[in-house]
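A.B. asks: Numbering of the sequence shown is given in our numbering, commencing with residue 3 and proceeding in unit increments.
Because the hints were derived from the structure by calculation, they are not lab data.
In this text the structure is predicted, and so the values were computed from the model without any measurement.
Any given hint could be a false lead.
[What the hints assert, rightly or not] As a list, the in silico DSSO-like pairs of lysine-lysine whose alpha-carbon atoms are at most 30 Å apart:
| hint | residue 1 | residue 2 |
| --- | --- | --- |
| 1 | Lys82 | Lys44 |
| 2 | Lys102 | Lys19 |
| 3 | Lys102 | Lys62 |
| 4 | Lys44 | Lys76 |
| 5 | Lys20 | Lys102 |
| 6 | Lys62 | Lys19 |
| 7 | Lys76 | Lys102 |
| 8 | Lys20 | Lys62 |
| 9 | Lys86 | Lys44 |
| 10 | Lys86 | Lys76 |
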Amino acid sequence: MLPAIGTIATQQSNPTKKTMEAVTQLLNYCATHPNAIIRYNKSDMILHADSDASYLSVPKGRSRAAGYFYLSDKPADPNKPPAKDAPPPTHNGAITVNAKIMREVLSSTAEAELAALFHNG
Numbered sequence: 003m004l005p006a007i008g009t010i011a012t013q014q015s016n017p018t019k020k021t022m023e024a025v026t027q028l029l030n031y032c033a034t035h036p037n038a039i040i041r042y043n044k045s046d047m048i049l050h051a052d053s054d055a056s057y058l059s060v061p062k063g064r065s066r067a068a069g070y071f072y073l074s075d076k077p078a079d080p081n082k083p084p085a086k087d088a089p090p091p092t093h094n095g096a097i098t099v100n101a102k103i104m105r106e107v108l109s110s111t112a113e114a115e116l117a118a119l120f121h122n123g
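Start from the sequences and build out the full structure, keeping to the hints where you can.
C.D. replies: In structure tokens, the structure reads:
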């Protein structure tokens, strides 16, 4: 919901019919899922973070960054990256979710991904 709210917020001074459709879609989504639940599972309480970016997805040449922080199990060997066939860590409910439009105008997808890593700490 954060990206939708962010997009609507950027258009509030100059709304169009498309803005109204986005607001209606967001409100329909909220009405359809009124009982959202965050579920936490028992884990070793190690902080994990997933980071992502979308390049040139916002008007004026801007990109969007997102980060998802959650507690999960400790990796088998924290000094090595996980093996390609290793199962992903158990997902708990989010501790925090960052979703923002980056102020910087970036020149590539790779630069957007690196900027998202920077924004997510």
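A.B. asks: With reference to the structure, classify each hint as holding or not holding.
C.D. replies: Going through the hints against the structure:
1. Lys82 - Lys44: 24 Å, holds
2. Lys102 - Lys19: Holds, because 24 Å separates the two Cα atoms, which is no more than 30 Å.
3. Lys102 - Lys62: 15 Å, holds
4. Lys44 - Lys76: OK: Lys44 and Lys76 at ~12 Å, within 30 Å.
5. Lys20 - Lys102: Since the Cα atoms of Lys20 and Lys102 sit roughly 21 Å apart, the hinted pair holds (cutoff 30 Å).
6. Lys62 - Lys19: 19 Å, holds
7. Lys76 - Lys102: Distance of about 29 Å is within 30 Å: holds.
8. Lys20 - Lys62: Satisfied, since the Cα-Cα distance of roughly 17 Å is no more than 30 Å.
9. Lys86 - Lys44: It holds: about 24 Å lies between the C-alpha atoms, which stays within 30 Å.
10. Lys86 - Lys76: Holds, because 17 Å separates the two Cα atoms, which is no more than 30 Å.
The structure agrees with every numbered hint stated previously.
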